[in-house]
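Since chain B is already given, all that's left is putting chain R on it; use the hints.
Spelled out, the chains give:
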Amino acid sequence: MTVLTIATLTLREASRRRVLRSLAVLTVLLLALSAWGFSRIDAEFGGLTSGEAKVAGSTVLNLVMFGSSLIAALGTAFLAGPSVAGEVESGIALAMMTRPIRRWQVLLGKWLGLVAFGSGFVTVAGVAEFVIVHLTVGYWPPHPVTGLLLLAGQTAALLTLGLLFATAISPMASGIVAVGLFGATWIAGVVGSVGEALGNPSVAQVGVVSRMLLPTDGLWRGAMNAFQDPSLLAQIGTGVEESPFLSMAPLTPAYLTWAAIWTLLVLGLAALGFQRRDL
Amino acid sequence: MEAVTGSPAVWVSHLSKRYRKRVAVDGVSFTVARGEVLGLLGPNGAGKTSVIKMMLGLVRPDAGEVMLLGRPGTDPRSREKVGYLPELFRYQPWLTADEVLTLHVRLAGVTVPDRERRDCLGLVGLADRATDRVGGFSKGMQQRLGLAVALVARPELVVLDEPTSALDPLGRADVRDLLLSLRQRQVAVLLNSHLIGEVERVCDRVLILDRGRVAASGTLAELLGRRTLRLRLSDVSDEASALLEPYEKAGDRYTVALPEDVPALVADLVKRGVRVHAVEPARATLEERLLDILRAHPEEHR
Numbered sequence: 001m002t003v004l005t006i007a008t009l010t011l012r013e014a015s016r017r018r019v020l021r022s023l024a025v026l027t028v029l030l031l032a033l034s035a036w037g038f039s040r041i042d043a044e045f046g047g048l049t050s051g052e053a054k055v056a057g058s059t060v061l062n063l064v065m066f067g068s069s070l071i072a073a074l075g076t077a078f079l080a081g082p083s084v085a086g087e088v089e090s091g092i093a094l095a096m097m098t099r100p101i102r103r104w105q106v107l108l109g110k111w112l113g114l115v116a117f118g119s120g121f122v123t124v125a126g127v128a129e130f131v132i133v134h135l136t137v138g139y140w141p142p143h144p145v146t147g148l149l150l151l152a153g154q155t156a157a158l159l160t161l162g163l164l165f166a167t168a169i170s171p172m173a174s175g176i177v178a179v180g181l182f183g184a185t186w187i188a189g190v191v192g193s194v195g196e197a198l199g200n201p202s203v204a205q206v207g208v209v210s211r212m213l214l215p216t217d218g219l220w221r222g223a224m225n226a227f228q229d230p231s232l233l234a235q236i237g238t239g240v241e242e243s244p245f246l247s248m249a250p251l252t253p254a255y256l257t258w259a260a261i262w263t264l265l266v267l268g269l270a271a272l273g274f275q276r277r278d279l
Numbered sequence: 280m281e282a283v284t285g286s287p288a289v290w291v292s293h294l295s296k297r298y299r300k301r302v303a304v305d306g307v308s309f310t311v312a313r314g315e316v317l318g319l320l321g322p323n324g325a326g327k328t329s330v331i332k333m334m335l336g337l338v339r340p341d342a343g344e345v346m347l348l349g350r351p352g353t354d355p356r357s358r359e360k361v362g363y364l365p366e367l368f369r370y371q372p373w374l375t376a377d378e379v380l381t382l383h384v385r386l387a388g389v390t391v392p393d394r395e396r397r398d399c400l401g402l403v404g405l406a407d408r409a410t411d412r413v414g415g416f417s418k419g420m421q422q423r424l425g426l427a428v429a430l431v432a433r434p435e436l437v438v439l440d441e442p443t444s445a446l447d448p449l450g451r452a453d454v455r456d457l458l459l460s461l462r463q464r465q466v467a468v469l470l471n472s473h474l475i476g477e478v479e480r481v482c483d484r485v486l487i488l489d490r491g492r493v494a495a496s497g498t499l500a501e502l503l504g505r506r507t508l509r510l511r512l513s514d515v516s517d518e519a520s521a522l523l524e525p526y527e528k529a530g531d532r533y534t535v536a537l538p539e540d541v542p543a544l545v546a547d548l549v550k551r552g553v554r555v556h557a558v559e560p561a562r563a564t565l566e567e568r569l570l571d572i573l574r575a576h577p578e579e580h581r
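These protein sequences, in sequence, are chains B and R.
Each step along the first sequence adds one to the number in this note's numbering, with nothing skipped, and position 183 is 183.
Converting from the second sequence to this note's numbering requires adding 279 to each position, the first position being numbered 1.
Excised from the complex, chain B in its bound form:
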């Protein structure tokens, strides 16, 4: 009951704060740009074969989806910070936490609200993008639902980390650190791909380790894999290794389990941190 009350409160906060409007503007901008881009691809290379159209379509789709996942990550990480650290700093938490409720209930409620918000955003932006790609180049991703779920998972993982930081440091700092780590693991993932391409196992290890420490990049790669055409990989074959916008293999169940455990672990730590904090 308390958890649901806080979750609805968090959703209401997200919908009433400026964050939502900024997210909407950014997303519309990204979608408009991609629509224009796709229509140019079609116009400039009018004589694309269906295979080539698929290559172009799925690569650019991944690029755009990366953009929207970045927006979702930024948006939720910057919502997560203020919703815990900001409320403690401003004093909003004082009157609320003296109600007959437990702190973990508040944290879990906020988490649920933020996850619902992030997933909603990813779904709306993602489906809009699929429709755009379908209308312009006639491409439809093979596993749209799996992909969107993985993107929602990526957003959830990052905002959980944001919540953990928000129980310890200031609202702005927690958002910045969470987004910084998100960027760092993505880059580590790219470095890892380069290592694989060059056949250098120790460099490739960088990507693997960072994907274990913060599963956002791993989940993103899984999502990409779900968005791109499977025949594409077959065509390219083994000549080309992974690139930042091309993923060779779907995620293993073991990795998905790890990502879920990781998220729960970080959420548990956040609850513990919040519990021990003097308000």
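Keep in mind that the hints were calculated from the coordinates and are not lab data.
Where a beta carbon is used, it is the ideal one built from N, C-alpha and C, also for glycine.
It is possible that part of the hints are untrue.
[Unchecked claim] Label-pair distances were calculated between CB atoms; the ranges are:
no. : chain 1 : residue 1 : chain 2 : residue 2 : range
1   : R       : Gly401    : B       : Ser90     : 22 to 30 Å
2   : R       : Ala445    : B       : Leu272    : 31 to 39 Å
3   : B       : Gly268    : R       : Glu567    : 36 to 44 Å
4   : B       : Ser90     : R       : Glu527    : 43 to 51 Å
5   : R       : Ser292    : B       : Gly268    : 29 to 37 Å
[Claimed, not checked] One-sided and incomplete, this derived list gives chain B residues near chain R with beta-carbon spacing under 7 Å:
no. : residue
6   : Val3
7   : Thr5
8   : Glu13
9   : Arg16
10  : Ser90
11  : Gly91
12  : Leu94
13  : Ala95
14  : Thr98
15  : Ile101
16  : Arg102
17  : Leu279
This is chain R only, laid out in the frame that chain B set:
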């Protein structure tokens, strides 16, 4: 564990808190009976807000125990019938005043009809701002909203930390009336306030904190019990002033402890050639008493 009936509204025993090396609260114990209004007084940094926060589970005490309305403070249910206005009062700026109250009613786990909720806003003078966003409220209005939040879930104990800090004189008078009506309804109140006049007028008992310890406590009558005699005198010789010892002197005004036989004292003074212009019995105000108590250890104050 069921609540112990007939227990005090607040029972605090040997509460201590240390922030790094600084001791904020050092072995504070007190009780607030049901329906009683207790005033918490003390200089800045005396530990008043820390005591309140530990009482309400916002801050973890290093030592000590708390019982609220018969339940241990570690049990969230002890706060079911507690209303709190923090010193730092802020409410969700993106909600309307009425939505803030609805949220608190829901978190308190009670059902309060719409009518009663609106009456509560009316009580603090916000009836016509119920549907306005809190973000647009002035500080004073937010404090009024805070009072409504503290009162909305039918509390049996209300904790008010500096409830009039942002209010104009009219608002302060409103709060005083509110406190008196709470006392009438047998709601226990813990009032932390710098406005001694406010405390003197509404509190049954007073607890004075100084440097994290209880410096004095008791009913107003107990604390202010010492009655004095004020005299306006001239031509006071050394011999005459010896009669008055111990006394406090400001210009031609002398203040002494009230003697048993006032006419005899006056006659003795006159006999020694003192001219007596005025004689009036007086009672120390709470403010004077507070300053007395706090100045008892002047070397420890900077």
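Verification of the hints:
1. Gly401/R <-> Ser90/B: 22 to 30 Å: holds, 27 Å
2. Ala445/R <-> Leu272/B: 31 to 39 Å: Once the Cβ atoms are compared, 36 Å apart, the range 31 to 39 Å for Leu272/B and Ala445/R holds.
3. Gly268/B <-> Glu567/R: 36 to 44 Å: violated, 55 Å
4. Ser90/B <-> Glu527/R: 43 to 51 Å: holds, 47 Å
5. Ser292/R <-> Gly268/B: 29 to 37 Å: Hint holds: Cβ distance 33 Å, inside 29 to 37 Å.
6. Val3: violated, 11 Å
7. Thr5: holds, 5 Å
8. Glu13: Constraint on Glu13/B satisfied, holds at 6 Å.
9. Arg16: Given a least distance of 4 Å, the restraint on Arg16/B holds.
10. Ser90: holds, 5 Å
11. Gly91: Cβ of Gly91/B sits 4 Å from chain R, so the hint holds.
12. Leu94: Holds. Min distance 4 Å.
13. Ala95: At 6 Å from the nearest chain R Cβ, Ala95/B passes the 7 Å test, so the hint holds.
14. Thr98: holds, 4 Å
15. Ile101: holds, 6 Å
16. Arg102: holds, 6 Å
17. Leu279: holds, 4 Å
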